[in-house]
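A.B. asks: Under numbering that gives the first Met the number 0, the first residue of the sequence shown carries the number 0, and numbering increases by one thereafter.
Calculated directly from the structure, the hints in this document are not laboratory data. Just so it is clear, CB atoms sit at the ideal spot from N, CA and C, and this is done for glycine as well. Hints may be right or wrong, so weigh each one.
Stated by the list, open to error - Here are the simulated distance ranges between beta carbons:
| # | residue 1 | residue 2 | range |
| --- | --- | --- | --- |
| 1 | S131 | H91 | 13 to 23 Å |
| 2 | A147 | H46 | 30 to 40 Å |
| 3 | A147 | S24 | 32 to 42 Å |
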Amino acid sequence: MTVQGPSAPRHRVADAAVLRPAAVSDTEAVLAMLARCSLATRFHRFHGFTDGVPYFRAQLRDRPGDQTLLACYGSTCVGVATLGVGDTGLVHLGVLVEDGWQGQGIGTQLTVSLLDSARAVGVTTVHVDVLSDDIYVLKSLRRIGQLAASVERGVWSVDVSLCGQPCRPAGNRLP
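Please model the complete structure; the sequences and the hints are all you need to start from.
C.D. replies: Written out as structure tokens, the structure is:
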């Protein structure tokens with residue numbers, strides 16, 4: 000269920016949201032968006048009960064090798080996605096969209112933009128962990144590429160193949 004958040008307009012204006020790379024100076028905007036997310040939304044992103052603040056502070060400050068994109072409506076951050084390389088060399092994808100903006104294509108566009116960028120530099124597989132009840136996310140990933148998946152303790156461990164054509168043209172504006 001999507002709950003209309005305070006920053007989300009009452010009508011669909013996802014095409015007015017702009018994607019752009021995140022910078023350290025965006026930390027407060029990302030943390031403000033995180034604070035507007037429901038406990039359930041944060042649980043689905045982090046697979047546990049957390050406010051996510053330490054993760055995003057570290058992500059924006061200490062992980063220059065990772066690629067993080069923001070979706071902004073005016074000066075308000077409404078979504079964030081990160082493609083990062085883990086200690087084992089595995090490339091991980093994580094996406095968070097503010098409750099009131101979910102279901103408008105923002106998460107999909109953030110994902111497509113990051114995966115097309117990864118494909119352009121030779122990444123062939125990206126790993127995503129998805130809660131087993133997030134069927135919408137699994138269906139979206141299936142449209143992007145071939146999946147190799149297993150489930151354990153209610154979490155899908157999914158490897159998405161990026162071999163093949165780009166997901167779709169990635170601009171800085173949402174469809």
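A.B. asks: Could you run down the list of hints and mark each one as holding or not?
C.D. replies: Structure-based check of all given hints:
| no. | hint | verdict |
| --- | --- | --- |
| 1 | S131 / H91: 13 to 23 Å | 18 Å, holds |
| 2 | A147 / H46: 30 to 40 Å | 20 Å, violated |
| 3 | A147 / S24: 32 to 42 Å | 38 Å, holds |
Consistency with the previously given hints fails for number 2 only.
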